[in-house]
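Visitor: Using the hints provided, position chain R relative to the given structure of chain Z.
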Amino acid sequence: MTDNRLTIALAGNANVGKSVIFNYLTGLHQHIGNWPGKTVEKAEGTLHFKGYTIDIIDLPGIYSLSTFSIEELVSREYIAVERPDLVINVVDASALERNLFFTLQLVELETPMIIALNQKDMAEKKGIRIDHEKLESILGIPVVSTVAIKGVGVYELLETAVGIAEGDVDAKPSGVRYGDEVEMRIRKMIDMMRDAPLKYSPRYTAIQLLQGDEEIEKEVSMINPEVVSTAGRLTEELEEIHGHPSSTVITSERYGIAGRIASEVQKVTTPTKQPLIETLHNITTDRFFGYPIMLAVVLSMFFTVFSFGDLLSGLLGDFFSSWQAIFESVFGAGVVGELMWGGVMEGIIAGVTIALPYIAPFYLILYLLEDSGYLSRMAFLMDGLMHKIGLHGKAFIPVMLGYGCNVPACLGCRIVETERERLLAGFITTLVPCAARTVIILGLVGAFMGIQWALALYVFDLLVIFALGRIAFKALPGEPTALIMEMNDYRVPHVKTVAQQTWFRLEEFIKMAFPLIIVGSVAVKLLEVLNLLEPIGRILSPVTVAWLGLPAVIGVTLIFGVLRKELMLTMLATLLETRDFTTVLAPLQMVVFTLVAMFYIPCVATIAALTKEFGWRKALFITVFEIAFAIVLGGVAFRLLPVLGLH
Amino acid sequence: MELPLTELRDGESGTITSVRIGQDRGRGHGRGGRGWGLERRLADMGLTPGTRVTAARSAPLHGPLEVLVRGTRLALGRGVAERVFVEVER
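Chains as they are written, first to last, in the working numbering: chain Z, 1 to 647; chain R, 648 to 737.
Next comes chain R alone, as it looks inside the complex:
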């Protein structure tokens, strides 16, 4: 089942399928566009398709998510985490 990271239960893991920023996907997608930087920043931190992530916890007040990826611990703002889709087995 494919879900945004924010829908994972605490402690649940999944494999990243895509990072969806902006509507138009596919060819020449958003080069230099506003979402492009975000996607690349996420990738630079190791959140690339095919990577295994674990949602550790989320902060209240619509706060960020703590995720474990590639042996490190990241805090991801909720707005970003909503755009990272993962495949989970439920």
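Excised from the complex, chain Z in its bound form:
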């Protein structure tokens, strides 16, 4: 370690204000990436304090350090292998017992740590007062009270951290003892591993071995297989004594210790009633009122996003189109000028005017809902339905995001726990008609055939999602994970944190999608300049004309749509030389075209997102599948709908 450089990891349960503290500490000096090889977000930031350069790592919000989610695995490996100088364990003062359960596991890892006792104000409203000096003396580590949303205590947190770095403050946690039967066996294990080069602390390793942690068993058996077999024997003894699996026995005892510490340090008086928060929870999860409320929330969210997006998109579009003349005077009106304007600039304009005005408010509202606690209620309400397609309630959130844009939806699938379900959710979200596809649905079918047809297509899309989701669920090997989710009390969202999260999300989107949109735009322009569009249309005509019954020029728009779906309609108008589509397309053709456009391929930016999350093979598979599916569906519709009276 170089002098004056500190690495601090923030660890704690979900929704305890960890990210608020992180944002408070690092401001805009942060970087969000992925943990190497994992689809788990890694947020890092830097700050300067009293001559120290401090790197802060925000670990995922977790409840335990076992191995049942990637987040837990990533967190414990980071703490054990990378060995940060200090772990700040953010603890929700209003749910001390559950939070201390996690704290005790950090203590077992024997990492230097301090506790940030957060949301003290919320706890006090619940009638909970905590003697933090007593907590300090029991655990043997510094405890700092904070109210992160107001910035209270954050300075003291840093001061304490520096104090520890300089050796003024002791932050080595003292041991926590289990019941005699367990403790004796832990000691036995520790003795056996005395000089072994372990990855984790001997005590943590011993406890995990007694809980049957497969990953740690594997590692230890490479060093000394005898230790693992002894652990197996001791585990059986424990199970014999208690009649429960030994992992349950140990977890249960650890919760017992957490509960004892909690009751020792906190005084609970009658809570100042929080009728509003309780009523709000009751109404929003009610079996009758819950759904209309959710529908109203979702619809008003879409309405806000689309009306705001339309407005901003129009303004930005006007602003950019005024640049065209300048461009032409610089690059001329020749091939180069065409490529620069029609390719590069149009790509940028599309990104800025189509994607951002919709995605930014979408993210903003979604994060507000998340921070307030409403998203977990939505997950609660939707769990039953989502289970039918092998996902649990939380996966409803990326699906909803998909209506804005499939790219963030795809990235949002990280919210579900297992790789299998992430893939399933990722696949589902690419079938959700995003804003760009909505432009086609509303602009063609909606405008020329009536809104009822557009709505019918949306309903049909939901049915397809459901059917394909169910097939994929049955086809993918593995068991669905059950919903086990904490529902935090409602609270007023912390606007600054929400705004920052929105910003970093947008940054991620821009970095990933913009280069592709621009390259795609140039490529299409190039095809146009080289007069290759018509031959391509001809090559595709067996599919477009013979199978789908559409005009040959449609082939070109399909190619184009891979890059930018929202412009398919404009392109179609140009190629058909009219904006009044009724004169060139029969209603049947409109429906077939829209159906194909809805399903036939995730756009290039979505393919990139799929590749990033699931690897190129799976991304390719999804892409090829959806092309085939859309073409088959379109052809069937072309033959079947006339039977139903649509020509």
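Simulated from the structure, these hints should not be mistaken for lab results.
Counterexamples of contact, computed for chain R against chain Z with all Cβ distances above 10 angstroms:
1) M648
2) R656
3) S660
4) T662
5) F732
6) E734
7) V735
8) E736
9) R737
Here chain Z is said to cover these stretches of chain R; the calculated rule only asks that three of the stretch's residues, wherever they fall, bring their Cβ under 8 angstroms from a Cβ of chain Z:
10) 690 to 700
11) 707 to 715
This one's a predicted model, so the numbers in the text were calculated from it and none came from an experiment. Just so you know, even glycine gets a beta-carbon here, dropped at the ideal spot from N, CA and C.
Guide: Only chain R this time, still in chain Z's reference frame:
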């Protein structure tokens, strides 16, 4: 009387007796097996034998249960909640 969590009336409380996942219980039960992870996840969230839980409500469409445990509020998928057994006084 011992009942699965899903059989509790709204607002009723009980003490967890066991979490039954898979058929074979007892020695070396399901270490690394498929139910094992679930049992441990539940335990990690505080649903351990001897703990007092209150069933607050259940969502329709075969949806999850809301339970109060250790001063926090959890949503539990119905499939899981069916496997958590509690002792209640009726």
